[in-house]
Amino acid sequence: MKTDTAEEVVAIDNRPAPQRYEVGLGQLADPLVGRAIELIWREAQLLDDKDYEFWQTLYTEDAKYVIPVDPDTEDFESSLNMVYDDARMRHMRVTRLVQGYSMSAVAAARTSRTISRFTVEEITADTVTLRSAQVLVGFKRDKFQMLGADLTHRIRFNGDDARIELKLIRLVNSDSAVNASGFLL
Amino acid sequence: MTSPTSEGTGGFAALAQGDRVAAQLYTDPEIFDWEMERIFYSTWVWVAHESEIPEAGSFKMSHIGLQPVIVNRDRKGNFNVLLNRCRHRGASVCEVPKGKANGFTCPYHSWSYSLEGNLRGIPYPDGYEGVTEKRDLPLQRLRVESYNGLIFASFKPDIEPLEEFLGDAKIWIDRFMKQGAGFPVKVQGEHKFRFEGNWKIQLENTTDGYHFPIVHRSWMASVDAETADMLSFMTDEKAVTHALGNGHSVAIMVPEHVDLEEDDGMEELQERFRHIIDELSEIMPQQQVRRIVRSMHGAGYNLNLFPNLSLSMSFFRVLRPISVNETEIQHMALGLEGGPESVNRERLRIHEHFQGPFGFGTSDDSEAWDRVQRGAVANPDMPILVNRGLGREVTVDEGWKTSHVTDETGMRESYAMWKRMMSDEN
Chain Z
1 MKTDTAEEVV AIDNRPAPQR YEVGLGQLAD PLVGRAIELI WREAQLLDDK DYEFWQTLYT
61 EDAKYVIPVD PDTEDFESSL NMVYDDARMR HMRVTRLVQG YSMSAVAAAR TSRTISRFTV
121 EEITADTVTL RSAQVLVGFK RDKFQMLGAD LTHRIRFNGD DARIELKLIR LVNSDSAVNA
181 SGFLL
Chain R
186 MTSPTSEGTG GFAALAQGDR VAAQLYTDPE IFDWEMERIF YSTWVWVAHE SEIPEAGSFK
246 MSHIGLQPVI VNRDRKGNFN VLLNRCRHRG ASVCEVPKGK ANGFTCPYHS WSYSLEGNLR
306 GIPYPDGYEG VTEKRDLPLQ RLRVESYNGL IFASFKPDIE PLEEFLGDAK IWIDRFMKQG
366 AGFPVKVQGE HKFRFEGNWK IQLENTTDGY HFPIVHRSWM ASVDAETADM LSFMTDEKAV
426 THALGNGHSV AIMVPEHVDL EEDDGMEELQ ERFRHIIDEL SEIMPQQQVR RIVRSMHGAG
486 YNLNLFPNLS LSMSFFRVLR PISVNETEIQ HMALGLEGGP ESVNRERLRI HEHFQGPFGF
546 GTSDDSEAWD RVQRGAVANP DMPILVNRGL GREVTVDEGW KTSHVTDETG MRESYAMWKR
606 MMSDEN
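Chains as they are written, first to last, in our numbering: chain Z, 1 to 185; chain R, 186 to 611.
These stretches of chain Z come out as covered by chain R in the derived footprint (C-beta under 8 Å, 3 or more residues):
(1) 73 to 86
(2) 168 to 177
Output of the computed footprint for chain Z on chain R, the stretches with three or more beta carbons under 8 Å from beta carbons of chain Z:
(3) 365 to 378
(4) 399 to 412
(5) 518 to 532
(6) 548 to 556
Quick caveat, the hints were computed from the structure, so don't treat them as lab data.
C-beta atoms are modelled at their ideal positions from N, C-alpha and C, and glycine is treated no differently.
Make the full structure from the sequences, and use the hints.
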């Protein structure tokens with residue numbers, strides 16, 4: 001969702017109270033939203049801990065995990081992505097990260113990531129879609145690395161169960177050089 | 186420690202000696218500066234594929250060595266390569282990586298240039314009356330020539346024709362483009378990343394069959410048996426590297442896919458492409474289906490073009506030196522212009538699996554190259570060895586030095602060219 005259409009920019013000086021977003025509605029207090037945020041933070045911790053085998057159980061069987069190159073595209077199927085994983089690719093990726101054959105995974109940076117700036121994009125009876133900002137700090141061989149990203153998570157609820165159905169990671173430098181890493185975002 | 190320019194040694198040339206090169210080639214900033222002058226600003230450097238600038242006014246930003254350039258197609262259909270630097274006070278006139286334009290306007294004082302680089306407009310021109318003429322101040326234009334869709338440029342106005350420079354590599358460029366299977370080859374997207382190492386470490390790597398099963402073991406373990414088998418060239422006698430002259434070489438990993446037009450019908454199509462085979466069989470003859478599906482992994486080799494491009498199976502690998510110990514790499518995924526959408530998508534998925542910063546292959550390559558740079562500072566008098574296979578190297582009928590694909594024939598060819606270009610006589 002974008003706010004910088006030409007009409008809005010023209011109207012910037014005499015804009016009425018914000019209407020585009022429904023602000024201050026207390027959506028973050030929605031119980032499903034609270035559960036979604038809890039899951040997203042748990043996921044972040046598992047990734048920092050590199051507990052990839054547990055991590056992949058957080059995803060539904062038909063879930064997609066995407067790191068696009070093109071900052072604007074929604075058509076990931078027809079675009080080149082950095083990662084475009086279905087369950088099969090996700091499973092292979094986890095195997096690769098833990099089996100010890102990959103020298104970059106073995107030597108991966110230690111990471112610590114913070115996710116905040118949650119906004120509610122959509123709530124349905126059994127899904128919640130949240131956007132957030134992620135700042136990841138990595139450290140490897142005397143050097144720090146920082147990666148900023150805009151995240152979108154769609155969480156599907158089934159009774160007590162909550163799983164990730166979509167994770168979209170838009171790196172702020174996605175269409176520029178992104179350095180190879182042995183860890184996951 | 187000897188200085189690279191110490192007298193009586195033939196200058197830098199003495200640092201590359203056939204079967205070995207001095208480790209300073211990776212670590213000495215002075216050598217890097219000279220490489221920019223004597224190699225990148227003195228030869229043909231690849232800047233674009235024509236599919237990246239498909240129409241009149243299409244442009245992309247690129248680099249030659251450290252210098253930013255704009256590559257565009259003008260209304261006459263000609264390719265122009267212009268230094269991305271205003272003639273007034275030096276600002277870059279373009280900071281959009283790719284797009285379409287009528288020309289380029291400097292943001293600082295609005296000097297505007299045509300696609301051909303001619304200076305068209307200067308605001309408030311009265312201050313320049315009797316001082317300067319617009320016709321004297323175009324964007325600097327470089328020599329440009331293209332071969333089979335590959336666009337090269339050179340700072341050297343009197344350089345030999347591109348086709349002479351490419352020489353026997355042209356045969357392999359032509360074969361490479363056959364993976365379009367009757368459609369023109371197009372760039373579908375690109376991954377870009379940097380590693381902390383010298384550019385020649387990457388140059389060597391695309392002709393290094395030796396590292397493949399070791400560095401890429403995790404990728405091999407993840408693909409289907411047929412794909413893994415296809416790339417099991419370690420003991421295949423037909424998998425060879427040819428040195429092609431002028432620093433170019435070709436490393437053949439899948440001998441049966443050297444010429445994708447040749448198909449004796451014996452090879453079974455990979456089962457992983459079953460959905461595509463079924464779909465295409467509905468709309469085209471079997472022969473064409475085979476042609477497209479056999480080309481899915483690209484040509485069966487990596488063609489290394491000195492100094493900055495590799496046509497690597499199904500993608501372009503472009504290297505850009507940033508500094509003596511930093512290099513940027515682009516991996517450009519290729520597809521079929523106007524070809525079946527499902528084929529192009531499958532090719533994107535194959536590319537994503539291996540390439541890019543989160544690919545199953547690239548991340549391990551990058552780690553290996555970082556390690557080379559870190560290790561090479563230890564005792565710089567200890568050489569880097571490129572002697573593998575010297576004892577079994579032969580010269581084939583075409584005049585190409587040839588050895589097994591796991592041997593270092595391609596690297597020796599690159600360093601022979603490096604030596605020639607870095608010699609004081611040049």
